[in-house]
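Asker: Using the sequences plus the hints, can you model the full thing?
Chains A and B, in that order, are what the protein sequence lines are. Everything in the first sequence is counted per the working numbering, starting at 91 for the first residue and increasing by one. Everything in the second sequence is counted per the working numbering, starting at -10 for the first residue and increasing by one.
The hints are simulated quantities; they were obtained by calculation from the structure and are not laboratory data. Among these hints, one or two may not hold up.
What the hints assert, rightly or not - So the derived list for chain A, only partly shown, Cβ under 10 Å to chain B, looks like this:
#1 Ser197
#2 Arg203
#3 Glu221
What the hints assert, rightly or not - Think about it this way: if two alpha-carbon atoms lie no more than 27 Å apart in a straight line, the pair counts; the simulated DSSO-like pairs of lysine-lysine are:
#4 A:Lys162 - A:Lys172
#5 A:Lys162 - B:Lys66
#6 A:Lys206 - A:Lys172
#7 A:Lys201 - A:Lys172
#8 A:Lys92 - B:Lys66
Unchecked claim - Simulated DEER-style distance windows between Cβ atoms:
#9 A:Trp245 - B:Asn146: 17 to 23 Å
#10 A:Val128 - B:Pro41: 34 to 40 Å
#11 B:Ile86 - A:Met91: 53 to 59 Å
Beta carbons are placed, not taken as given, at the ideal position from N, Cα and C, and that holds for glycine.
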Amino acid sequence: MKYVISLLVGLTCGVAMFAAVFYLNPFVGQARLSPLAVSDAEMSGLSYSAVVTDSIMFTNDGESISRPYPNKIAELWEPAIKDTHVLVTSLTDSRGMPAGIGIKMSSPSEKSRLFKSEILVNSVWHLYLPERGTLAVYQTESYWAYLRDIVVPAWRSSSDSWRGSWSRIMTVGPGSLGLARVTGLGGEFDGLQSEAVESLNARAYSVLQGPVSMTGLLNIAISDESALLEEFVSAE
Amino acid sequence: MIKTFMFGLILGVAGSASLVYFVQAVDLHRESSLISVRSNGGNSETFYINLPADRIFAGSRSDDKSSSFPSGIQWPKDDALNGAASELFKLRNSDDIVVGIAARVSNPRDSSGAFIQWVLHLPARGSMFLRMQLKPSEGGLRNGLLMAGTREFEVLNGGVSEFFNSDVADSEYEVTGRLELVTSLVGPLGDEK
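Answerer: Laid out in structure tokens, this is it:
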């Protein structure tokens, strides 16, 4: 009997040890600085509130922490789209002035690998900037740091919430420098092929409501120079 | 007893690592792709949107409250958005099964150029960004081009046609019409190895 108990205690300790190393792994992290920061390309920064009730519309399967907004919006309950989140939001420029409308559709990526601490999401943005044109942004985002640094601490907190100052680049691909791809669809952006990164700045999160104070920032290179930079790095 | 404990410890670490390594974190639901092959080696696929049942959202800068759906939508009052409209739909394959989300964004009065664009997002396959002609043909058919695609659609080129079919109205299912999107896509030349 004592050998069985010893084995079970060992197993439990082994699982706990793995979980601790897996969760606290200091070698896994996400950049705070974008590769675009060293680019000479002209940048366009577009901000949006990641708080659902600040958006024009948000929907998902209706069972996630962030509830569809407004209340009457249809839920995405069908099997093929039940993991998809759709956000329609107002965008502001770097001066806080209205810049346009963004539609973001996100779905979990089957390339997610827990062993590598990769919780990946494929997302696409359609950006409409009035009197300027339209852009398509497509990217893979990593939510591991977000879950580890915000969501799990909020679950562990007795107040079911998290407060702090957290900022990370969410974009990890599909570009070779971990950049999102951008295609100009019309207006002054017609024919543009460029890159972008999306970052999140979080200050408060609630287990009951999801993001309480959180903003997203899309930094878009609106000239093709960053594409040349990527080609140069690939060639190297 | 110490040896048994150590064995359990190693087994626990190895078992957890194996579980995390081999279990697929995301397994998206897939419907069969209903694609027909064309004579040029390309493929054609038809998507449907049943109206009004598949409409998720509609927003525009208009005094007419019926242009927003559902009620409670706060569309920005910005003057620059005059004429702009966004709509979101559930997207069905030709078996009438929901396979994705579609967004239609348009502004016939934008000073940078009038436009009608679609984004088709199929979670298990990828996304397509489509730019449509402003004026439909006499038969009501509006053609467009694939401007960008992701994953499965990344290397494809081709077009799409949009058609509103009012002959499929079905009062039992509250369907007053159906938007049909037919994509005709072809891979790049020399992709066969």
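Asker: Are the hints correct? Go through all of them and say.
Answerer: A quick look at each hint next to the structure:
1. Ser197: holds, 4 Å
2. Arg203: holds, 7 Å
3. Glu221: Check passed: Cβ of Glu221 (chain A) comes within 5 Å of chain B, closer than 10 Å.
4. A:Lys162 - A:Lys172: holds, 17 Å
5. A:Lys162 - B:Lys66: holds, 21 Å
6. A:Lys206 - A:Lys172: holds, 25 Å
7. A:Lys201 - A:Lys172: holds, 18 Å
8. A:Lys92 - B:Lys66: violated, 73 Å
9. A:Trp245 - B:Asn146: 17 to 23 Å: violated, 46 Å
10. A:Val128 - B:Pro41: 34 to 40 Å: violated, 49 Å
11. B:Ile86 - A:Met91: 53 to 59 Å: holds, 56 Å
Checked against the numbered hints above, the structure violates hints 8, 9, 10; every other hint is satisfied.
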